[in-house]
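Asks: Below, each chain spelled out in residue letters.
There are 2 protein chains.
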Amino acid sequence: MRIFISGPSGVGKSTVIRELLTLRPDIVLSVSYTTRPPRPLEKDGKDYFFISREIFEEMIQSGAFLEWATVHGNLYGTSLQWVEAREREGSHVLFDIDVQGVRQAKAYGSPGCYILIIPPTMDDLKKRLDTRGTEDSQTLALRLENAKEELRHWELYDYLVINDTLETTVREIASIIEAYRHAREVVIGGLTWLRAIV
Amino acid sequence: MRIFISGPSGVGKSTVIRELLTLRPDIVLSVSYTTRPPRPLEKDGKDYFFISREIFEEMIQSGAFLEWATVHGNLYGTSLQWVEAREREGSHVLFDIDVQGVRQAKAYGSPGCYILIIPPTMDDLKKRLDTRGTEDSQTLALRLENAKEELRHWELYDYLVINDTLETTVREIASIIEAYRHAREVVIGGLTWLRAIV
Numbered sequence: 001m002r003i004f005i006s007g008p009s010g011v012g013k014s015t016v017i018r019e020l021l022t023l024r025p026d027i028v029l030s031v032s033y034t035t036r037p038p039r040p041l042e043k044d045g046k047d048y049f050f051i052s053r054e055i056f057e058e059m060i061q062s063g064a065f066l067e068w069a070t071v072h073g074n075l076y077g078t079s080l081q082w083v084e085a086r087e088r089e090g091s092h093v094l095f096d097i098d099v100q101g102v103r104q105a106k107a108y109g110s111p112g113c114y115i116l117i118i119p120p121t122m123d124d125l126k127k128r129l130d131t132r133g134t135e136d137s138q139t140l141a142l143r144l145e146n147a148k149e150e151l152r153h154w155e156l157y158d159y160l161v162i163n164d165t166l167e168t169t170v171r172e173i174a175s176i177i178e179a180y181r182h183a184r185e186v187v188i189g190g191l192t193w194l195r196a197i198v
Numbered sequence: 001m002r003i004f005i006s007g008p009s010g011v012g013k014s015t016v017i018r019e020l021l022t023l024r025p026d027i028v029l030s031v032s033y034t035t036r037p038p039r040p041l042e043k044d045g046k047d048y049f050f051i052s053r054e055i056f057e058e059m060i061q062s063g064a065f066l067e068w069a070t071v072h073g074n075l076y077g078t079s080l081q082w083v084e085a086r087e088r089e090g091s092h093v094l095f096d097i098d099v100q101g102v103r104q105a106k107a108y109g110s111p112g113c114y115i116l117i118i119p120p121t122m123d124d125l126k127k128r129l130d131t132r133g134t135e136d137s138q139t140l141a142l143r144l145e146n147a148k149e150e151l152r153h154w155e156l157y158d159y160l161v162i163n164d165t166l167e168t169t170v171r172e173i174a175s176i177i178e179a180y181r182h183a184r185e186v187v188i189g190g191l192t193w194l195r196a197i198v
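Chains as they are written, first to last, in the working numbering: chain A, 1 to 198; chain B, 1 to 198.
Computed list of lysine to aspartate or glutamate pairs in DMTMM-like fashion (alpha-carbon distance at most 20 Å, straight line):
hint, chain 1, residue 1, chain 2, residue 2
1, A, Lys106, B, Asp158
2, B, Lys106, A, Asp158
3, B, Lys106, B, Glu87
4, B, Lys13, B, Asp96
5, B, Lys126, B, Asp136
6, B, Lys106, A, Glu185
7, A, Lys148, A, Asp96
8, A, Lys106, B, Glu185
Quick list of the computed label-pair ranges, beta carbon to beta carbon:
hint, chain 1, residue 1, chain 2, residue 2, range
9, A, Asp26, B, Asp123, 22 to 32 Å
10, B, Gly73, A, Asp123, 57 to 67 Å
11, B, Arg103, A, Trp193, 20 to 30 Å
It is worth saying that the hints were derived from the structure and are not from the lab.
Here a beta-carbon is modelled for each residue, glycine too, at the ideal position from N, C-alpha and C.
Same shape as in the complex, but just chain A:
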C-alpha cells in the first residue's frame, strides 16, 4: 500500500511524517535515488541511494522509476523495485513528495492514497514561514509563492488534511490510512472470487 504525502514548505509536513512513522512501525519511508552528492551525516541507503548521473539516466531509460524529478539540477527518483520489495515484506510505503512527483506517480499509474497537508489559512502559513526568522523579505516572498504553487494543485489529492494541531493531524492521517486498507483498488487484488462473478 502506498501513501503519498505532500504539503507546502512551512506547513509542518516533516514533523507530521516523523510522528506518524513513530506511531506506525508497519509504515516505512520511501528512500529515493539521487545524483546529488551526500551531505555530512547523510547515509547511503538510509537518507538516499547516492548514484551517478549515468546510472540514474539508465534507470530512467529502463523504466525503473515510479517517479523522478530534477531539483536544482540534481536528479531524484523512487525505484519501483525498491517499493515493491517493501510491499512484499508487508510494509506500507510512505512518500514524502512534492506536487511534481505526485503528478508523475499518477501519470505512471501508481495506485496509492494521495494526501495533501494544508495550513488552516494562508495567513497562518505566512506566519509559520516568517517565524523561522532565517529569511529576508525577498526569500520569504519566494517561499510563499512556492507554497501557493503546491496548494494550487489540491485537485490531485484524495484527501486534504488541515494541520491545526500536530496530534490531531497525525491521528487523522492514521485514520485515512486505516480506511485506505479497504479502498476498492487495494482490496480487490486479493478477492479473486469477487472478480470471478460475472
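Given chain A's structure and the hints, the job is docking chain B onto it.
Replies: Same frame as chain A, now just chain B:
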C-alpha cells in the same frame, strides 16, 4: 456528508448499520418515501414517509429525489430536501441502499462515500442464507442469484468491507467515515481561500 451502504441479502448489513448508528449519534438513517402501504407497527416519518403514487410521481417530475426505484411494483425514493435538512443540522446521512439506488444517486451526481459490505467468500454467504432455514432450495437459489447481482457491481463502490466479525466491520466502517471527513470533495467546500488560489 452522505454515506451509502450496500450489501447482498445475508451479508449482515442491517446488523452492521444498527450497531453503527448506536455507536455514532451524529449519523442518521435516511428515511425514504414510498407508495407501499404501511405494515403493522411501521410509523410514518420514522420507517418511511407513506405517500400516494400521484404525489410520488409529481416529486419525480420536480426532481425532488436523490434516487428512486421500483421494487415489487411499489415506488421508493429519497428526498434530496430531507437529506439536505439533516446535513444543515450537522448530521451525516446514512443510506441503506441497493445497487440500483447507488447507480441512480451517482447518476444524479450525489457526493458521498460509497461502501459495499461483502462476505468473506461466496460459500460463506451461501451458508448464511441457508441457515435462515426458512427457504426451499428454489428460493435459496434465487436469493443467491440476487446476491451475486449485487456483488457483480463492486466497481461502483469506493470501499469494499469484508464482514467477517461484526465488531471489526463496524470499526472499519467507522474509520472509513472518519477518513471521508477529510476527502477532497468534502473539505474543499469550506475552504474558500484554497479555491481562491489561482
